[in-house]
Amino acid sequence: MKAVELSTVASTFQEIKNRAESGWQELWHSGKPVILVGTGTCGRAAGALDVLQAIRDEIGRQNLDCHLVEVGCMGHCYAEPIVIIAKPGYPPIAYGHVNPVIAERLIKDFILGDNPCLEFVLGALEKNELVPSFSEFPRAKYEKKVILKNCGYIDPEQIDHYIANGGYQAVAKVLEMSPEEVIDEVKKSGLRGMGGAGFPTGQKWEICRHARGRPKYVVCNGDEGDPGAFMDRTILESDPHSVLEGMVIAAYAVGARRGYIYVRAEYPLAVHRVRVALRQARELKLLGKNILGSDFSFDIELFQGSGAFVCGEETALIASLEGKPGIPYHRPPYPAVNGLYGKPTLINNVKTLAYLRSIIENGAGWFTGLGTEGRGGTAVFALAGKIVNTGLAEVPMGTTLRQLIFDVGSGIPDAKRFKAVQIGGPSGGCLPESALDLPIDFDSLRDAGAMMGSGGMVVLDEDDCMVEIARYFLEFTQRESCGLCTFCRLGTKQMLEALDEITKGKGKIEDIDMLTELAEDISAGSLCSLGKTAPNPVLSTLRYFRDEYEAHIKEGRCPALMCQELIAYYIIPERCERSCDACVGTCTVEAISTNKKRIKVIDQEKCVKCGTCLKACPPQYNAVVRLSPPDQVPASE
Amino acid sequence: MVSLTIDGKKVKAKEGEKLLWAALDNGIYIPNLCALREAWLPSASCRLCFVEVEGKDSPVTACTEPVKGGMVVNTTGPKALRLARTAAELLIASHPVDCAHCLSSGSCELQKIAAHLKIKLKTKRLRKITRELPIDSSSPLFTYDPNKCVLCGRCVWVCRERLGIGDIGFAHRGFQRVVTTFADEPMAKVRCRECGECVTVCPVGALYFKDGRGSNPIIKED
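If you read the protein sequences in the order shown, they are chains G and R.
If you read the first sequence in our numbering, its first letter stands for residue 1, the second for the next number, and so on.
If you read the second sequence in our numbering, its first letter stands for residue 1, the second for the next number, and so on.
Excised from the complex, chain R in its bound form:
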């Protein structure tokens, strides 16, 4: 264990461990969507966990930065905040933000991140660019709405790496990138065992249980 300072607070963490986990374990929140503690290589794709480290010119992603003894970290530096805010804004600009009708409202990590970064759920600076992809409700257990997906990849990782099933994966490139099944088959047609693990790790309302399990109780009664 080594000591380091995050936002003025002295904390202890394992050397070499990624900074994001050190901060979270010590009760310091850094926005993140794609990070998975078990994954041996960080995905580093959501670009939300930017922090400033003393001695480094530009902000670094906390999920990829190894802890070193004596390092001084600022999670609210202006440069880091600017990048994190823009990343969150970009995600929101391409998200339906239909919170009033979303079962995940209240437990949604995108809402939490927006609140933490003090940005609005309505975009002003950016254009609203959403996709009109079909919603897959073929599974008896859950619904998949790709339009709400933030492409964090948690569901893909869980299905593939933790469970060794690999029913879902990424397809297409650029803006068209999407989480889907092989050949875009409906969930009910693939060998999905309906374990629901993917639904539990979804940070937003892209995957949700049909019986309302796991969602915010107030909305559930609607």
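In isolation and in its complexed conformation, chain G is listed as follows:
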């Protein structure tokens, strides 16, 4: 290294970094075993806190000397609770579906003994001879972690873990750049708003930088409300400092001294971890007055949203921050010019902000090089629904839907057939099998009738009725509409009523045209983007699955056998086994009786279509079936 004199910023940061790194070294190379327990919300829901307690108890009982660290979520939500054990002499191994009993065994057999309990292994963190590593998983070929890099590997409540992994380096770097240079770098990176709309981030920053009002604000939009999307929560829970660092960079670039981080109150763990992160960042002078000894000052306040979906819309979010009802207003003026308290306000999504540190550190060229075929960067998707590997995946832009669903997500469970994927939540659309080879990016998805949205991805199989899916999402947007503008308040209600009737077999064939026309008008005429995108699930299902709508309307038939009013449960006499009465016992309303031939019969009048008999019927008989339309049940029954 050249013996150049370090600036105040650089030397202050170097000191912090040195200390953090030595702590990190001490954690991993002290010769003691390290146990990481994933205690994000997904882990907790699966029982991670019990596992943590069991490990703690066992460590106490055995009087063990080891490091026990709580980490966030590494994206393998399907395998939670996850415990990672790094014992000297072994590669760090991740164990999935851990319960307190398994946890105890891991301590006894692996940490005390030398049995790495291969039967519980999920994968190793690095390549080795003993167990397959994550890098050898089929999904590893497609995954490229940028903003999920630290998630599940560091303790989100220890700023030193973040700093030891390159954190806040970008803040130290931007403080010695001019704001214009920072904006220029972000513009060159081609980063676009990851909250859904995909507006070029650098351009937004430039507008805000040049806006005349003072003071300026930076707001992090963490009001993640899409059903099926949970990546913002995961990032805030697992790596909150990456978002704070992004906000400091943004504030420096646009010239803001105050920021707000808007997190839904329904994310208590995220709120807690952000609060801890803010405190720790202030302690190290990475936030507050004269950051790292420079003359730049910026501080962030945490704001808890009260759970209205529409508050994710930036103008509604501003209203909410100001203490008013979360109701959008007409744009322009755009918040970047006239936002919070009428001042220039930069609003960026959690993910957008989390990207910044890597872009600043590695340069715009590195970021654009991540994607394929001219599409820069990566995208994070929350895989949910009928998919084997539910969880989070970060892939380069341009990855195809097929690779994402079948290679990263390991396809559809129970040997069912893929039917559609709902992308972008209530604002997105359903794409069919024919769209699977579509490379993922903002524009391709929009052209196909879906939307990147927040990155929620719900996979649907042959048992899912597309009309019902459209109805479900519309019910959501209708309930979450603020009710301000006519199109969203009344238009979506009209559409919902029509869809309700169609799923009950009471729709009219004219409804299809009405739905299409109304959907177009709502898209064109609504005040805010909630209304403008609300009809997307209907438009996309009408585009790709019109035959299902027609089957419901014309034949009273639900092809996926999902719509309750259009199906009947029936026991095929030829398949029914005389000596078995599994279904009779499980029927909640005593609708099943045994006839003279000892064959079971469902009384259609009494049947409430709960489906327990279908589950109860042993697979070797498979006698209970669903029929649609219900009049398919033979008359003699």
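Source of the hints: derived by calculation from the structure; they are not laboratory data.
Wrong hints could be hidden among the right ones.
Stated by the list, open to error - Covered by chain G, according to a simulated footprint, are these stretches of chain R (three or more residues, beta-carbon under 8 Å):
#1 17-28
#2 171-181
What the hints assert, rightly or not - Derived pair list, reagent style DSS-like, types lysine-lysine, alpha-carbon separation capped at 27 Å:
#3 G:Lys554 - G:Lys504
#4 G:Lys343 - R:Lys68
#5 G:Lys506 - G:Lys597
#6 G:Lys149 - G:Lys324
#7 G:Lys506 - R:Lys128
#8 R:Lys56 - R:Lys9
#9 G:Lys554 - R:Lys79
#10 G:Lys32 - G:Lys17
#11 R:Lys120 - G:Lys506
#12 G:Lys609 - G:Lys504
#13 G:Lys532 - R:Lys79
#14 R:Lys9 - G:Lys504
#15 G:Lys532 - R:Lys118
#16 G:Lys554 - R:Lys124
#17 G:Lys615 - G:Lys504
#18 G:Lys508 - R:Lys120
#19 G:Lys343 - R:Lys189
#20 G:Lys606 - G:Lys504
#21 R:Lys124 - G:Lys532
#22 G:Lys324 - R:Lys120
#23 R:Lys9 - R:Lys68
#24 R:Lys124 - G:Lys506
#25 R:Lys128 - G:Lys532
#26 G:Lys508 - R:Lys68
#27 R:Lys56 - G:Lys532
#28 G:Lys597 - G:Lys615
#29 G:Lys504 - R:Lys124
#30 R:Lys122 - G:Lys506
#31 G:Lys596 - G:Lys615
#32 R:Lys56 - R:Lys10
#33 G:Lys508 - R:Lys122
#34 G:Lys87 - G:Lys145
#35 R:Lys79 - R:Lys68
#36 G:Lys127 - G:Lys108
#37 R:Lys112 - G:Lys508
#38 G:Lys508 - R:Lys124
#39 G:Lys504 - R:Lys128
Everything numeric in this text was worked out from a predicted model, so none of it was measured.
We put the beta carbon where it would ideally sit given N, CA and C, even for glycine.
Starting from the structure of chain G, add chain R where the hints point.
Chain R in isolation, oriented as in the chain G frame:
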């Protein structure tokens, strides 16, 4: 003042003023319910004032569009008309349309808008979706029928912003959105001073004077 063209007519207006007022001041009617000249931020909620502006791909709401010199506006373009008609149709589909028994019939702006847009007061394409909310006749001065309310927000704005009282406001979300008092108290129980300003700005028959003041004389005699 700058010149612009609305429906082929050359008019003059203040630059930056919202197009809706420029048109109305020059005798060109554009349907509207929620617009208030004094409000510093347009509500832009009724979605009726769509017009087409040359050079713009999609229709814009006249209440939010600032006047620019030389702009060419068409209030009857097919795209704008389609949106305005659908918006009006939606309002009508969720309105009782009990004109025969309504004191505001004849002075009702919804009737005027339907006539202007050439749409029927009976809905064919859309479903009739109304709410059965209780009528509040507790005030000695006026009656409030929330079922007829089109949620334009004029009464709320007048009570809150012009008079600084704020007795009424919006509550609930989505289809349930309603103009009401705090905690849904009857009008007589809140500190309403019975100035009647809210009644005078109501474009439909949701708020009406009990003595028939301000309503159509022919109906009044009924």
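Checked hints:
| no. | hint | verdict |
| --- | --- | --- |
| 1 | 17-28 | violated (count 0) |
| 2 | 171-181 | holds (count 6) |
| 3 | G:Lys554 - G:Lys504 | 12 Å, holds |
| 4 | G:Lys343 - R:Lys68 | 25 Å, holds |
| 5 | G:Lys506 - G:Lys597 | 38 Å, violated |
| 6 | G:Lys149 - G:Lys324 | 37 Å, violated |
| 7 | G:Lys506 - R:Lys128 | 16 Å, holds |
| 8 | R:Lys56 - R:Lys9 | 19 Å, holds |
| 9 | G:Lys554 - R:Lys79 | 32 Å, violated |
| 10 | G:Lys32 - G:Lys17 | 23 Å, holds |
| 11 | R:Lys120 - G:Lys506 | 25 Å, holds |
| 12 | G:Lys609 - G:Lys504 | 14 Å, holds |
| 13 | G:Lys532 - R:Lys79 | 16 Å, holds |
| 14 | R:Lys9 - G:Lys504 | 52 Å, violated |
| 15 | G:Lys532 - R:Lys118 | 26 Å, holds |
| 16 | G:Lys554 - R:Lys124 | 21 Å, holds |
| 17 | G:Lys615 - G:Lys504 | 24 Å, holds |
| 18 | G:Lys508 - R:Lys120 | 21 Å, holds |
| 19 | G:Lys343 - R:Lys189 | 39 Å, violated |
| 20 | G:Lys606 - G:Lys504 | 18 Å, holds |
| 21 | R:Lys124 - G:Lys532 | 24 Å, holds |
| 22 | G:Lys324 - R:Lys120 | 38 Å, violated |
| 23 | R:Lys9 - R:Lys68 | 15 Å, holds |
| 24 | R:Lys124 - G:Lys506 | 17 Å, holds |
| 25 | R:Lys128 - G:Lys532 | 23 Å, holds |
| 26 | G:Lys508 - R:Lys68 | 47 Å, violated |
| 27 | R:Lys56 - G:Lys532 | 18 Å, holds |
| 28 | G:Lys597 - G:Lys615 | 23 Å, holds |
| 29 | G:Lys504 - R:Lys124 | 21 Å, holds |
| 30 | R:Lys122 - G:Lys506 | 22 Å, holds |
| 31 | G:Lys596 - G:Lys615 | 24 Å, holds |
| 32 | R:Lys56 - R:Lys10 | 19 Å, holds |
| 33 | G:Lys508 - R:Lys122 | 19 Å, holds |
| 34 | G:Lys87 - G:Lys145 | 25 Å, holds |
| 35 | R:Lys79 - R:Lys68 | 21 Å, holds |
| 36 | G:Lys127 - G:Lys108 | 25 Å, holds |
| 37 | R:Lys112 - G:Lys508 | 31 Å, violated |
| 38 | G:Lys508 - R:Lys124 | 13 Å, holds |
| 39 | G:Lys504 - R:Lys128 | 18 Å, holds |
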